[in-house]
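Asks: When you get a sec, could you build the whole thing from the sequences and use the hints?
In UniProt numbering, the protein residues as written are 1 to 719.
You can take every hint at face value.
Lysine-lysine pairs mimicking DSBU-like chemistry, simulated, CA-CA at most 35 Å apart:
1. 122 to 662
2. 101 to 645
3. 523 to 359
4. 126 to 100
5. 498 to 449
6. 122 to 249
7. 53 to 249
8. 449 to 348
9. 645 to 686
10. 353 to 498
11. 662 to 100
12. 645 to 353
13. 249 to 41
14. 353 to 449
15. 101 to 122
16. 249 to 236
17. 645 to 122
18. 498 to 359
19. 542 to 552
20. 53 to 101
21. 542 to 122
22. 41 to 53
23. 449 to 359
24. 542 to 645
25. 449 to 523
26. 542 to 100
27. 100 to 249
28. 41 to 236
29. 126 to 219
30. 449 to 542
31. 53 to 236
32. 498 to 645
If you anchor each label on the Cβ, the simulated ranges turn out as follows:
33. 126 to 480: 46 to 52 Å
34. 35 to 393: 45 to 51 Å
35. 406 to 490: 17 to 23 Å
36. 653 to 548: 37 to 43 Å
37. 213 to 477: 57 to 63 Å
Just so you know, the hints here were simulated from the structure itself, not pulled from any lab data. Glycine included, C-beta positions come from ideal geometry on N, C-alpha and C.
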Amino acid sequence: MTGSIIPEDYLERAYAGVLGKLIGVYVGRPFEGWTHQRILKELGPIRFYVHEKVNSPLVVVDDDVSGTFVFVRALEEHGATADLSAENIGRTWLNNTVEKKSIFWWGGRGVSTEHTAYLNLKHGIKAPASGAIDTNGKTIAEQIGSQIFIDGWAMVAPGNPELAARLAHSAASVSHDGVAVDAAKLWAAMEAEAFVSANVDHLLETGLRFVQPESPLRKLVEDIRSWAKIDQDWLKTRQRIEDVYGYDKFPGHCHMMPNHGLMLMALVYGRDFHEAIHIINTAGWDTDCNSGNIGCLFAIMNGLSAFESGPDWRGPLADRALISSSDGGYSINNAARIAYDLVNTGRKLGGRKALPAPKDGSQFHFTLPGSVQGFVTSPNSLLPRLVHIQQAIDAHGRAGLAIDLDGLTNATEPVEVMTDTFSPPDVRQMKKTYDLMAAPLIYPGQVLKAVVRSDTSTNVSVSVQLRLKHYSVQDVLATLDGPSAVLAPGQEQTISWKIPDVLDSQPIQNIGVALSCVAGCFKGRIWLDSVSYSGTPEMTLKRPAALAQLSKEATRNLFGFWHRAWIHNLHNLTVRFPSMSFSLAQDEGEGIMTTGTRDWADYRLSAPRFQVTLGSAGLAVRVQGLNRYYALILQSGGQRVALLKARDEVRTVLSSVEYAWKLDEIYSVSLVANADTLTGYIAGQKIVEVHDAEYVNGGIGAVVADGSLSIDQFDVAPL
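Replies: What follows is the structure, encoded as structure tokens:
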């Protein structure tokens, strides 16, 4: 694309930007909405994470993170083009947003801007009308949400503020209008320009190029810049912002103008990332939103060096991110994966090829500087003295996760180094403003592989064992061990394990390695070069058999991670009926329940006991959200079966045949996806077959429209 610049350090700066966004959000999240005065009184000046002071996990579900990294995927769903329309980004909203569960603050129509826009989209008001002042009024249209989701659009347009502003305009217009859209364009343009310039005055002038001449945002920028020159003290300028642009001066619960004023102040006064994060969080109001935007901008400006010479922001974060949407396979995430996705999208927009996948496509490759991709040590009290992990480069120039051990003996419990692959146990401690919609990343039947080596400096051999942890019937983690290898000093081995289907349908929560001393006292370094998982699952998913051993009272008090591994937008999902594991009900329209990831390509999905009690229902494969999949549907009326494709709001029947099926009867139903061929079976008989190549991968699901469906189990198998 004309004007696009792909800097040589694009990947590392984008990675820094993702980290800056995550750090900023997670610093400010625990005291979101507090005033400056309350922050100083209860927390003091903010110079590091404070989540423990409010008894909250550090990495939590937040709209700033989810919306930022979900909606930019419209460039994947509707084409990587500068002409991406607000209408198509609105379609991405509907495909990825689970109503009243994911991404947004669901504060009610006319209260929450995003909730209001979502309902408009749902009821056929297309973007940008869905967010327009003429549709929703000025108060709703000019709240803060326009700017909190725009960082992704900037990171796919490095050095191209025109493109960033154009994409941000389309994206912000789905839900906002007026000065709020101006703010989104200004900030996106500055972040795009920050890939090639760290001059704050230049960045502001660049951003202002995309602000309408009559916009009140121009006066806000002018005031902040002039006050800063006079005050020379951010506390004085903050007070001026409160006096002139405070919350009491604007309608709605969280207007854009006061918060944008604080962001501009932090930009002007912030000497570096650390000072900017201190200022923006101590200043108050919508701290997670403001801090996320500021953190992203300062990190892009300064690259990974932004996090040096100050607090250890990256250590506690460990690259982790939670992204709640209908694509459950993208929910348990890490900054390195997100950065690669953004950069490859940006390269496509710029007419470049995607970057080669590191280490033959390993999901955990540890190639970005300092990246641990969520790998942490287990919380054993001995471990802080015994083990330290970091990303490093070995003597041969190979990047990996360096695990330094000091004093590991036969008597020591194995040292675990693991990363999350599903919702962590502390999801139960997260504030319920936002739900975590997630599916496991890895399943029985897939092959888990780790490439490990012992540094030449180590003194004795060490045993490295593949390990996973899965939820049990009591919702606690249980350990399942795989193969192991004994590494002599300087030796490298590859350990592979096809995970057996012995988990009683419980999700795998984390994977990694357990290190044990073979003899003597181990001191040295083990390299985890890469960890990957591949292949098609081979498993049965149903209500865990062990639940039958528990009393009704005991099961009532369970969190139920096994069924929370399914994402649904149904009016009701019941997992307590004795006859079937899942009972799906949709009062009107279509509902879907899904699990799995986009790593799945060719497979057979079967439901041996499939019972429609009202309406239409079927099995879905290659699911890529709520509105993108193939499905074998037993159509209402009992006379036809159809194989259809869902693509946004359109349901296209690819083929249909006469088939006399009955309500309340139990059938064995299967749907096979193999390359471009989709084949539906009932009772083992081929019913329908079509060819379509639009969706080549995706998870599984069940669809029901205007009725109810019961399924006892889902069987997934490779072809």
